[in-house]
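Participant: Here are the chains, one letter per residue:
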Amino acid sequence: MIRDKVAIIGMGCTKFGERWDAGFEDLAVEAFNEALDDAGIEAKDVQAAWLATCFDEVMCGKSALPLSTTLKLPFIPVTRVENFCASGSEALRGAVYAVASGACDVALAIGVEKLKDTGYGGLPEFGTVMGTKNRLIYPNITAPGSFAMLATKYFSEYGLSPEKGREILARISVKSHYNGSLNPKAHLRRKVTVEDVLKAPIIAWPLSLYDCCGVSDGAAAAVVVRAEDAKKYRDDAVYVKALQIATSPGEELLYKWDGVHIETTVRAAQRAYKEASIENPRKEIDLLELHDCFSITELVTYEDIGISKRGEAWKDVEDGFFELNGEIPCQTDGGLKCFGHPIGASGLRMVYEIYKQLQGKAGKRQIEDPRIGLTHNLGGFPAMSVAAVCIFGVDKEW
Amino acid sequence: MVGIESLSVYIPTYRLDRKEVFDAIGWIGRNFLPGEKAVANHDEDSITMAVTAAMECLKGSVDAVFFASITMPYKERQNAEIIATALDLDSGVVTADFTGSTKAVTTALISALNYVKAGKAEKVLVCASDCRLGKAGSYQEMAFGDGAAAVVVGKDKLATMDSYYSVSYDFMDNWRTDEEKLPHSWEDRWIREEGYTKFIAESISGLMEREGLKTEDITKVCYPCVYLRDHPKIALSVGFKLEQIQDPMFTVLGNTGNAYPLMLLAAALEVSNTGDKIVVASYGSGSDAILITSKNKVEFSRKLRRKKKMSYEKYIAYRNMIPIEKGLRGEEVAPTAISVLWRNRREILALVGSKCKECGVPQYPAQRVCVACGSQEMEPYRFADKKGKIFSFTEDHLAFSMNPPAIYGIIEFEGGGRYWFDITDCEAGELKVGMPVRMVFRRKDFDERRGVYNYFWKAAPEVEQ
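Quick mapping for you: the protein sequence lines, in order, are chains A and B.
In terms of the numbering used here, the first sequence is residues 1 to 398.
In terms of the numbering used here, the second sequence is residues 1 to 465.
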């Protein structure tokens, strides 16, 4: 149980976007500086660090050296972690467990991703990064395509016509675009309408351009200490209530799965609720930062984390349940959809938003007095994934 | 008696309207040909088409695999052995490529016949397949069709192979050196008068004479069409009547090279009665004529029914005749690790996964630990011949495809097991969850740097019967 053992005392996050001006080093320094300033500490105070990057091949290269040499970290242990799009949560897990164990007192988790040097849209081509055997047997798959299959199946399973299904998904994106318009650090800040989404070019049927998140450059960082030390640094530290990761054993793709949910999310959420002593998430959670790499992912995640009933999340969407002024605001910062998705940074960017909201520092998008926030960070494909579900709170006990 | 056990024909789904070629490159007006021709999809070649034909006619094992084609994808790496591996045949099989002319198919058949007759083999699989190119707008481009056929030579379940007669000439109608992609050809009038109309007549009449047969003893005479007007003249010159000549299907399929004689034979056998005598001849560097007696029918004409149009622009792009924009993403083809391909050859080329010995659940790719029960006792299990249905799918406009959008999905196999595969021979808007599919052997990609055509299995919508 990690509940209430660790506190976040400082966070930083760069502006996300097509940062033609910035490389890995620039992004890392930008997020690191903000996190140190926010925590009121200096670089030399950091005793251990975890770096999350996913596509190291197309940016900084392997190992943790790109981070330690960029930040000039003084011979401390630095570890690079990678677990697809859930890498950011892995970095946080390393730092949180390190301080909780007493191995060190102040640890840094930082996620950095520089994607826009590939020369093409979308994530780096999977054919080259999935291993020597998979490249011979994987279909010509992309991230939007792999999640589009979730939408195809969802529509078919719940009897939604493509038109109806696409309209529900469009509402999810419209909401995130609105929230993103209020966030100065977001990659995409333009409001869109349902019609805009439906008329946009198809990327992978049934998903259009506006069903897909931004492919962005960016970095985010968190400084963690043991909970009992938090007050030394600040009064409004944010406490880790749960941090759970679930990884597919392969059964979804190869053996049994309904194709309309993500099993790792279900498993991680169940364990996280237990860890955080949450019995009724729909009543107890105040805001959500979900891994909305695609609108359909957000839709099924509402169900997978037990906020909406199976097959009925679309009704909550139609009711505006997840909008900024709804029951449980979701993606208050625009989410992956509009804040953007620099892979290694995303898990920590979600925490950044929860942290700012819980501290009441979220600016124009601030919601009213939130106490408990949840992040959901998903890596891989719906059929084969890594899911991290973390819960954060302002009070050490509640 | 020694003969043909089974025969199957593979006709690719797509057709190219010759008028499109004429309209695009119309200055060669004198070469205008009517009708259409069968064309391989962008992910097909002579090997993949041969595997598809062989999958249908092969039940069980064979002692040898002969492959006849003048469009072998590999100059070095035996093409017949790729076919044998895709068919998951035992390594004890004898394999050979027959090539150099469009009569390689009948030479392979004759060799198989003699091999079986000599008692050296019980069954020989002969695959014939071609996917020929001509210069854009040329007569050859309009005439050549793509397709494959396969026969199992062994017992005479389908037909007996009674006799054969060969003539061989170094006749340079079409030729191509080892470094050339497109053929050269000499003047049409000379080809017609000195070669085409003479060699086939010579092999057929030679066969008849030696066997003491009269034209009225023969039900059907089958031979390739190279020139529409001259085609019937050949048989007429030997003394056959017009109705004895097998329709060469030149305006619906084109001249399918090494597959052609077997396609014509299949068409003839489909409407034959037991005891009917059929002469099938090839053409190319001479001619082989084979005498066949029908015992049973084969299915053929149904295969002509399913067809889709392919535009001329797509056709020449697929054949790499014009450079096309692949985008920076499309250019990223990962280098092939040959040792990985070797280690996993049954898994990749034959689509062999595993089945748990404890709980019986089939799984692809082959698992070391059972995904259902955790047992480590697994046995090989082939998926290539299993029917499947679409669990889910997408049409992906981001992924590079020669025929965008790239279509792929998760396929559930009858009897258990599922995996994701590219889906081919279909266009956007045609698929639905639950649709039946079959697995087809196709080119996955081309690793240009290392010169490797990567083959794998794709799903194709099941053709409505």
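One or more of the hints may lead you astray.
[Unchecked claim] Below are the DSS-like pairs computed for lysine-lysine, each with C-alpha atoms no more than 30 Å apart in a straight line:
hint, chain 1, residue 1, chain 2, residue 2
1, A, LYS5, A, LYS256
2, A, LYS44, A, LYS274
3, A, LYS116, B, LYS326
4, A, LYS256, B, LYS181
5, B, LYS387, A, LYS133
6, B, LYS326, B, LYS123
7, A, LYS133, B, LYS123
These aren't lab readings, by the way, just hints derived from the structure by calculation.
Participant: Taking the hints in turn, state whether each one holds.
Facilitator: Hints, one by one, checked against the model:
| no. | hint | in the structure |
| --- | --- | --- |
| 1 | A/LYS5 <-> A/LYS256 | 37 Å, violated |
| 2 | A/LYS44 <-> A/LYS274 | 36 Å, violated |
| 3 | A/LYS116 <-> B/LYS326 | 19 Å, holds |
| 4 | A/LYS256 <-> B/LYS181 | 48 Å, violated |
| 5 | B/LYS387 <-> A/LYS133 | 24 Å, holds |
| 6 | B/LYS326 <-> B/LYS123 | 45 Å, violated |
| 7 | A/LYS133 <-> B/LYS123 | 34 Å, violated |
Violation of the numbered hints given earlier is confined to hints 1, 2, 4, 6, 7; the remaining hints are satisfied by the structure.
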